Amino acid sequence: MKKVIMGNHALSYGAMLARSQVIAAYPITPQTQVVELLSEMCADGTLDAKFIKVESEHSAMAACIGASAAGARAFTATSAQGLALMHEMLHWAAGERVPVVMGNVNRAMAPGWTIWADQNDSLSQRDTGWMQYYCASNQEVVDTVLQAFKVSEALSIPSMVILDAFALSHTYEVVDIPEAAKVDAYLPPFRPLYKLTPSDPRAFGGLTSPEHYMELRYKLQKDMEKAPALIEATGREFEKIFGRYLGLVDPYLCEDAEIILVTSGTAGYTARVAVDAMRAAGTKVGNLRIKVFRPFPFEAVRKYTAAAKKIAVVDRNISYGHHGIFSQELKSAVYGHADGKPVFGFIAGLGGRDITPASFKEVVDYAIAHEQPEAEIVWIGAKI
Amino acid sequence: MPKKRDAKKINFTSIAEVPTMPMSLGSMLWNKTGTWRNIRPEIKLEDCIQCGICWKFCPDMSILIENEWPVVDYDFCKGCGICAEECPAKCIVMVEERK
Amino acid sequence: MIEIRFHGRGGQGTVVASKILADALAQEDNYVQAYPEFGVERRGSPVVAFIRIDSKPIYDKSRIYAPDHVVVVDPTLVEAIDVTEGLKDGGWIIINSDKKPGEFAFPSKFKVATVNATEIAVRNKLGSLAAPIVNTAIVGVVTRILGLTKLDSLLKAVGDAISIKPENNKTAASEAYEQAGDYC
Chain A
31 MKKVIMGNHA LSYGAMLARS QVIAAYPITP QTQVVELLSE MCADGTLDAK FIKVESEHSA
91 MAACIGASAA GARAFTATSA QGLALMHEML HWAAGERVPV VMGNVNRAMA PGWTIWADQN
151 DSLSQRDTGW MQYYCASNQE VVDTVLQAFK VSEALSIPSM VILDAFALSH TYEVVDIPEA
211 AKVDAYLPPF RPLYKLTPSD PRAFGGLTSP EHYMELRYKL QKDMEKAPAL IEATGREFEK
271 IFGRYLGLVD PYLCEDAEII LVTSGTAGYT ARVAVDAMRA AGTKVGNLRI KVFRPFPFEA
331 VRKYTAAAKK IAVVDRNISY GHHGIFSQEL KSAVYGHADG KPVFGFIAGL GGRDITPASF
391 KEVVDYAIAH EQPEAEIVWI GAKI
Chain B
2 MPKKRDAKKI NFTSIAEVPT MPMSLGSMLW NKTGTWRNIR PEIKLEDCIQ CGICWKFCPD
62 MSILIENEWP VVDYDFCKGC GICAEECPAK CIVMVEERK
Chain C
36 MIEIRFHGRG GQGTVVASKI LADALAQEDN YVQAYPEFGV ERRGSPVVAF IRIDSKPIYD
96 KSRIYAPDHV VVVDPTLVEA IDVTEGLKDG GWIIINSDKK PGEFAFPSKF KVATVNATEI
156 AVRNKLGSLA APIVNTAIVG VVTRILGLTK LDSLLKAVGD AISIKPENNK TAASEAYEQA
216 GDYC
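Residue numbers (my numbering), protein chains in the order written: chain A, 31 to 414; chain B, 2 to 100; chain C, 36 to 219.
It is possible that part of the hints are untrue.
[Said to hold, decoys possible] Only pairs whose alpha carbons sit at most 27 Å apart, straight line, appear in this in silico DSS-like list of lysine-lysine:
{"id": "1", "chain 1": "A", "residue 1": "33", "chain 2": "C", "residue 2": "185"}
{"id": "2", "chain 1": "C", "residue 1": "123", "chain 2": "A", "residue 2": "32"}
{"id": "3", "chain 1": "C", "residue 1": "123", "chain 2": "A", "residue 2": "33"}
{"id": "4", "chain 1": "B", "residue 1": "33", "chain 2": "A", "residue 2": "249"}
{"id": "5", "chain 1": "C", "residue 1": "200", "chain 2": "A", "residue 2": "391"}
[What the hints assert, rightly or not] Going by beta-carbon spacing under 7 Å, a handful of chain C positions derived as facing chain A:
{"id": "6", "residue": "66"}
{"id": "7", "residue": "69"}
{"id": "8", "residue": "91"}
{"id": "9", "residue": "214"}
{"id": "10", "residue": "218"}
{"id": "11", "residue": "219"}
Don't read these hints as lab results, they were simulated from the structure. Source: prediction; values computed, not measured. Virtual Cβ for every residue (Gly too), placed ideally from N, Cα, C.
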């Protein structure tokens, strides 16, 4: 059924169709509508779930961890400062291997106080052991929540489904809402490996000595390494049922491109418009939108950038004292594979500044004009 | 993977034995914490009022109730003295451990 | 692709108007993208809402700077702000007003249409003269002048979106749609 819905409600529909059993969340702009709709669904019986009102995001994640450990499918959503407040519990969820799925609306970190989009909130959680999916449309948000539960539960690793503030969260788009019966076939009920239950009492997350801790982390990394193949397989399975493939990356006209734009989030869709215009003017440019950031899709990135002469990464984030975070990741992915191919790093759109087709034209013009980047960061659209 | 009720110390010899999540695999019954004790509680049953407060307060579940009377489980009692402190009849005294 | 900008004041249902239009367009297999101004809304302050319409999937997620048409939900805004900012030559300026198009001093490169949506709303008992709820009448006007959707699709979208006085809202949308026929 096609419906015109905002990105925040796309997250709610995803959580509802996944038959989430426990939802614990705290409101924060621009995420609030996600949990507003879910609380209405719980109240009117559309969704048979326990909705837990909590006093903070830290508690929201703690409640989701407990629920998941008890064998329930648990969902929450947050943004920016709320995600930062959850930080300790993010490590706890991944360390305890509970497959919680969380929506995060990408909002820049304060101060200065802000509610607009950039990726520094979720990328600050890079090393917590969560999988991260960056979405570019409301359709992708609904679909990815379903896939995220499937992959998370198979690997016992939590997932973050991420969408840009306003450009998706508050933007209405036509979404084909997946049919409930088909979703049930794709995503059967959660069957945890172990769970909290009086009939088989266990303690979870207890004291772990140096004799054992390292092996637990080795296992987390090994399971994370299994994720790329599983994401592709579950993406194909999704495509068979719903006609839409959900992959690690979204390549657009990369095969013969001399310059590959590397993008993420909604900017990854806007880039396509710029690519079409530049192609029409004779510039051989392509766009590789990174959908899954953790685990990082090394193989896919190497494959799609192999034939290009230059790689131009556009980051809506920054690691202060280093450079754009996707740009760091790209360099590490192609190191030893790129024969000295230059990787240009651009920073654009911080704190909700718009990223337009013209921004990408500027990026590509710079990459054409320079054999090598003059600096680790080239700023786009900044008044400098 | 070892049986979860095994009262013995678990040592993984290979990664295959390590569970996915950090969780208890066996009991701590192998860990006789009574050896940590340097003072021990002794209950003078003639003064005991059978209130159960020592049983309730013991943080290590080392006060057992046998035939309605409290008995110290010296295999696990660490000698913390909470039972003696809380006993309203003052019938539990801590005495030096003689080894 | 058609890009439209709506001007209203916070609390007048400007964003809802763009959403209803999006719903109506989606029923006829169009791709739509509707979004409010990115930020905080305050009752009475000037607000804008946007809609992109195309027969193909819409990949451009940047904001609209040069709309094809603008819709002015609150006539007092014409004095307060430049509603023609970025408007493409030949674009419509559709205003909720009891004045005639010629009474507005817009450059001749734009086409101007006025419909008294406030009168239609009040007559259909949608709000009061001081605070009329004009969004359903406005979408009726926009739909007709720009030839975006069939009236049936619009009325279905109005019925789906509005739970209070749905019939009055449908009547207001139909009447506005008819009146706007003068410009077609």
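Against chain A, is residue 66/C within 7 Å by beta-carbon distance? holds, 6 Å
Report holds or violated for the interface hint on residue 69/C, using the least CB-CB distance to chain A and a cut-off of 7 Å. Hint on residue 69/C: holds, closest Cβ of chain A at ~4 Å, below 7 Å.
Evaluation of the interface hint that places residue 219/C against chain A, nearest CB under 7 Å: Hint on residue 219/C: violated, closest Cβ of chain A at ~26 Å, above 7 Å.
CA of residue 33/A to CA of residue 185/C, is that 27 Å or under? With Cα atoms ~18 Å apart, residue 33/A and residue 185/C stay inside 27 Å; holds.
Are the Cα positions of residue 33/B and residue 249/A separated by 27 Å at most? Violated, at about 31 Å.
Hinted pair residue 123/C and residue 32/A, Cα distance within 27 Å: The hint is violated at about 31 Å.
Agreement of hint residue 218/C with chain A interface, Cβ distance less than 7 Å: With a closest approach of 27 Å, the residue 218/C hint is violated.
Interface hint check: residue 91/C, Cβ to nearest Cβ on chain A, cutoff 7 Å. Holds or violated? With a closest approach of 11 Å, the residue 91/C hint is violated.
Minimum Cβ distance from residue 214/C to chain A below 7 Å? violated, 26 Å
Quickly compare the C-alpha distance for residue 200/C and residue 391/A to 27 Å and report which way the hint goes. Answer violated: residue 200/C to residue 391/A is near 49 Å, above 27 Å.
Between residue 123/C and residue 33/A, is the straight-line Cα distance small enough, at 27 Å or below? violated, 30 Å
In terms of the numbered hints stated before, the structure departs from hints 2, 3, 4, 5, 8, 9, 10, 11, listed from lowest to highest.
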